[in-house]
Every structure is written in structure tokens, then in C-alpha cells.
Amino acid sequence: MQVDQLSQVFGALADPTRRAILMRLADGDLTVADLAAPFPVSQPAISKHLKVLESAGLISRTRRATARLSHLEAEPLRDAAKWLARYQAYWDARYDQLDELLARLQHPEDDAERKDDR
Amino acid sequence: MKTKITAPEGLPFIDMEREFDAPVELVHRAYVEPELVKQWLGPRKYEMVIEQWDARDGGAYRFVQTDGENRYGFRGVFHRMAPDLMVQTFEFDGAPGHVSLDTQRLEAVGDGRTRMTSRSIFMSVEDRDAMIEAGMSQGVDDGYNRLDELLPTLMVAAAR
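Those sequence lines, one after another, are chains H and Y. The first sequence runs 1 to 118 under the numbering used here. The second sequence runs 1001 to 1160 under the numbering used here.
The hints are simulated quantities; they were obtained by calculation from the structure and are not laboratory data. Each hint should be verified, as a subset may be incorrect.
Claimed, not checked - Calculated lysine-lysine pairs in the DSSO-like style (CA-CA distance at most 30 Å, straight line):
1. Y:K1002 x Y:K1038
2. H:K48 x Y:K1002
3. Y:K1004 x H:K48
4. Y:K1045 x Y:K1004
5. Y:K1038 x Y:K1004
6. Y:K1004 x H:K51
7. Y:K1002 x Y:K1045
8. H:K51 x Y:K1002
To be verified - Some chain H residues near chain Y, calculated using beta-carbon distances under 10 Å:
9. G11
10. Y87
11. A93
12. R94
13. A103
Think of the CB as a built atom: it goes at the ideal place given N, C-alpha and C, for glycine as much as any other residue.
Modelling step: build the complete structure from the supplied sequences, incorporating the hints.
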């Protein structure tokens, strides 16, 4: 798997609807209509999400009669679990700490409330 | 405020982009003043000991992250530390001779906010992947990785 594909995988997983779609596909192949049902969004919106997932290699799509079924592909997830995802998690955590530091430096007086907010 | 990370195919780079809700001057201080660096650069579960942090052209740095049992040392040299361009080398004690070049730029984006863009350049694509594997194995903490939550379910299902 290529590295730019890894960043696509991570980008695809960044969205909560797409993560939910993957979780549902874990139970078996589904049509767009099946997938759209539990979400408060339109079928075209779901189709857009499926395109993102497909180009990241996280799902494949096949035709059965008139329906188009989405199928979960696990291999890219295995790769994404490796370094890029860890790198992202690592730096997100560092920069979150930097956010907190910058907030403390700018507003030392409401430090305590800020901590409560997080 | 998520970090945007790209690792272009076939090139030994990693690019990052992140915005901060603070002016450039303040973000810059957080990169050059060791007592501030100490407060964010290390993973929470490790003690961050900055042995040297001389953030000027030709200055050097060295810091150690330790949990009492393990010690991970990192060092490098600063070449330029202006807000619009910070350039430094980076080397992990665990992989001597494998040095990367880090460049970071800070720019004002209005409303007192700052955009940081960085590029790390490694000696080869293989070096990049290996260094990150080594560096990350000790660094990911804070229960932060949502992939770790998502994966078990998906893997089990996909294996059926």
C-alpha cells in the first residue's frame, strides 16, 4: 500500500458518519438505501461518503441485480493502524498540549475554568 | 483543531498543518523558550528533561523523555529560528546517524490566530517509515487514537 493512500485512509476515517458506515458494513454488505436509513442525511450525501471510502480502498462496491452493494475492505485499515495513524495521534496530542499552554499564557486568570471545560 | 498530515508517495517527507488560537509571537515563544517547550513537546506520561535548548542559529538542543525506567534521548542543531522559518535537525538516540531536517513556518491568519506548517525531510522513504515506527512506539499515549477503538470490531468482522 502506498503512503498517500494511507493519508487517504486516515482522512476517510476522520469523519464520524464514515466511521459509522464502516461499523455497519462490518456486519455485512449493504446498499446505499440500507446505509442511509439510520442517518439524518440524504442518500446522495451517503453516496459521497461511500466514494471517499472507496477511493481510500476501505470499501469495494459490487452490483447485484439493480442494487449496488458496499463491502468492507479490511487490509487498508491494518496499514493505517501502523505508522501514519500513530504519527497523527502523537502530534495531535502534542499540539493539544500546545493549545493548552497557549491558552494559559494568554489567559492565566481563567486557567482553572479552562481546565474544567476540557 | 486537527493536525493535517500528508506523507507524499515516493518522497521522504512528512508535511503537517495546524492552526493555533494565539498570535504568531506567542506560538513562536512556545518553540524557542525551553521552559515553554517542556510543557508541550513531550508525551504526558513521560517526564521531559531538556538538557539543552539554545534556539538560535548554530545553537543545539538535547532532551530526554523518561518514565523512570526507559530513557529516550533526542538531539539536533538549530539553523534558523525566526517565526517565518524555523529550521533544525532531529536525531533519535535509538537510531544514530538517521537525521531528519525539520522546517516549520508560522503565519498570522487573522483573528489573532496562527497557522503552523511543517515539513520533515528524511534521508530516504525507508528511513522515514522506520524512524516513525521507532519514534511512535513510545510516543502514543493519552488514549488518543480513535483507530485503536474502531479497529478491533472492524477486524473481527472483516475476518469472518
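Original post:
Between H:K51 and Y:K1002, is the straight-line Cα distance small enough, at 30 Å or below?
Top reply: With Cα atoms ~23 Å apart, H:K51 and Y:K1002 stay inside 30 Å; holds.
Original post:
Are Y:K1002 and Y:K1038 close enough, with their CA atoms no more than 30 Å apart?
Top reply: It holds: about 21 Å lies between the C-alpha atoms, which stays within 30 Å.
Original post:
Is the hinted pair Y:K1045 and Y:K1004 satisfied, with a Cα-Cα distance of at most 30 Å?
Top reply: holds (24 Å)
Subject >> Agreement of hint H:A93 with chain Y interface, Cβ distance less than 10 Å >> reply: Result: holds, 5 Å to nearest chain Y Cβ.
**OP:** Please verify that hint: H:Y87, Cβ, nearest Cβ of chain Y, below 10 Å or not.
**Re:** holds (5 Å)
Original post:
Regarding the hint that H:A103 lies at the interface with chain Y, is the smallest CB-CB distance below 10 Å?
Top reply: Because about 7 Å separates H:A103 from the closest Cβ in chain Y, which is inside the 10 Å limit, the hint holds.
Subject >> 30 Å Cα cutoff - pair Y:K1038, Y:K1004 >> reply: Holds. Y:K1038 to Y:K1004 sits at ~23 Å (cutoff 30 Å).
Original post:
Holds or violated: Y:K1004 with H:K48, Cα cutoff 30 Å?
Top reply: holds (21 Å)
Original post:
Should the interface hint for H:G11 be scored as holding, given a Cβ-Cβ cut-off of 10 Å against chain Y?
Top reply: Holds - the Cβ of H:G11 comes within 10 Å of chain Y, reaching about 9 Å at its closest.
Original post:
Given the hinted pair Y:K1004 and H:K51, is their alpha-carbon gap at most 30 Å?
Top reply: Judged against 30 Å, a Cα distance of about 21 Å means the pair holds.
**OP:** Starting from H:K48, check that the Cα of Y:K1002 is at most 30 Å away, please.
**Re:** It holds: about 22 Å lies between the C-alpha atoms, which stays within 30 Å.
Original post:
Given the hint that Y:K1002 pairs with Y:K1045, does the C-alpha gap stay at or below 30 Å?
Top reply: At roughly 21 Å apart (the allowed maximum being 30 Å), Y:K1045 and Y:K1002 satisfy the hint.
Hint check: no violations occur; every hint is consistent with the structure.
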